[in-house]
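In case you want the letters, here they are:
There are 2 protein chains.
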Amino acid sequence: MSKVIVALSTSVDGIASGSSEQDFMAVHEAVLGWVFNLRSWQAAQGMDGGEDTAESRLWAQEFERIGAQLIGRRMFDFSEPYWGDNPPFHAPVFVVTHRPGPRVEKDGGTSYSFVTDGVAAAIEQARAAAGGKDVLIAGGLSLVQQALAAGLVDEISMHVAPVLIGSGARLFDNIGETQVRLTPINALHGDGATHTRYRVERR
Amino acid sequence: MSKVIVALSTSVDGIASGSSEQDFMAVHEAVLGWVFNLRSWQAAQGMDGGEDTAESRLWAQEFERIGAQLIGRRMFDFSEPYWGDNPPFHAPVFVVTHRPGPRVEKDGGTSYSFVTDGVAAAIEQARAAAGGKDVLIAGGLSLVQQALAAGLVDEISMHVAPVLIGSGARLFDNIGETQVRLTPINALHGDGATHTRYRVERR
Chain A
184 MSKVIVALST SVDGIASGSS EQDFMAVHEA VLGWVFNLRS WQAAQGMDGG
234 EDTAESRLWA QEFERIGAQL IGRRMFDFSE PYWGDNPPFH APVFVVTHRP
284 GPRVEKDGGT SYSFVTDGVA AAIEQARAAA GGKDVLIAGG LSLVQQALAA
334 GLVDEISMHV APVLIGSGAR LFDNIGETQV RLTPINALHG DGATHTRYRV
384 ERR
Chain B
184 MSKVIVALST SVDGIASGSS EQDFMAVHEA VLGWVFNLRS WQAAQGMDGG
234 EDTAESRLWA QEFERIGAQL IGRRMFDFSE PYWGDNPPFH APVFVVTHRP
284 GPRVEKDGGT SYSFVTDGVA AAIEQARAAA GGKDVLIAGG LSLVQQALAA
334 GLVDEISMHV APVLIGSGAR LFDNIGETQV RLTPINALHG DGATHTRYRV
384 ERR
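Protein chains in written order, with my numbering: chain A, 184 to 386; chain B, 184 to 386.
Read the hints as simulated data drawn from the structure, not as lab findings. Be aware that one or more of the hints could be misleading.
[Said to hold, decoys possible] Stretch by stretch, here's where chain B covers chain A in the computed footprint (C-beta under 8 Å, at least three residues):
| no. | stretch |
| --- | --- |
| 1 | 194–204 |
| 2 | 347–358 |
| 3 | 363–374 |
[Unchecked claim] So, partial list: chain A residues that the calculated Cβ filter (under 7 Å) puts toward chain B:
| no. | residue |
| --- | --- |
| 4 | His-211 |
| 5 | His-281 |
| 6 | Ala-321 |
None of these values were measured; they are calculated from a predicted model. The beta carbon of each residue, even a glycine, is placed where N, CA and C say it ideally should be.
Input sequences plus hints: build the corresponding full structure.
What follows is the structure, encoded as structure tokens:
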């Protein structure tokens, strides 16, 4: 069965996003800087450049496993204009929201569907649309944390950039208080970040 | 010149210690579980067992670089009875405290000196005593965070255990709010934890 994946970049101190609008771009650059020059990432954005490194191949492997994605409403509203007519998902996207809306078809395999009955229901719809591939919970942080707290995540792919940020929103805030065992299943110390994929062990 | 090192174990969500007394031992076991069966660690405790793994050799390398250690007063008061007559430091230890006291000599190369004029002064005394080796800021968390916030740390050695804990005291709380660049200088994905050593880049 297809798996539910969280894949996020953080600083060494676990910051995944700025907590204020001023911080947002600085944190974004600091934790995601490793990705922008990868050939695989650039290809997904419709660009024809970047370098074919071990990290580029890791990113490609991770991307190719994904058959559908979940995103939160705030992330959708903020970013949708930038994603344009040929968005970088190249897969069905399920937006978890309180506001219903008609499904939107885009170029390159992306569609936007609006799911109003919660993250678990959105995962089920995404799984059905994923064609046997995995489901990525792409963000924002609040959606990722909801899914982690509800025990809905099978694998966590961490990309840790070599920087301390000190303040901001942490990937693992609000995930509950019980010890959850992880099993490392893949690892790469790349030029731009340290990458570890963990399987979440069910109790 | 000898370096100032922080070396700590955390969970994947960055928890280094329990925030309540009930949590303390559970978190301790979860984040330090990787260390207890290493041959090198057992040898430092005066025990003659454990396994000679890659992680044991990493721990030994890290330990052999250390010529003096700093600890906070609360850690000293809590743990000193357990450390006994032949403590596991095997090096001069400088206790950062407000309460002065005479230097105490123990077996196996350990001594306890009480420094009342702050962490920077304690580092200078430890450096002078380290015989050209490095100075380890061993804990507690509050002392480690003071040293990080004051820009006194040259290298950070992270041992990340594969577990999410969800609540507790984070290694990187209270370290200030400025981006600090790190450079990875060593890495090992071991059986018990993921280990990354970073150099702290001065601005």
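Here is how each hint holds up against the structure:
1. 194–204: holds (count 3)
2. 347–358: holds (count 8)
3. 363–374: Coverage by chain B holds for the stretch 363–374 of chain A (7 residues, Cβ < 8 Å).
4. His-211: The hint is violated - A:His-211 has no Cβ within 7 Å of chain B, the shortest such distance being about 12 Å.
5. His-281: violated (27 Å)
6. Ala-321: Violated: closest Cβ of chain B sits about 20 Å from A:Ala-321, beyond 7 Å.
Of the numbered hints stated above, those contradicted by the structure are hints 4, 5, 6, listed in ascending order.
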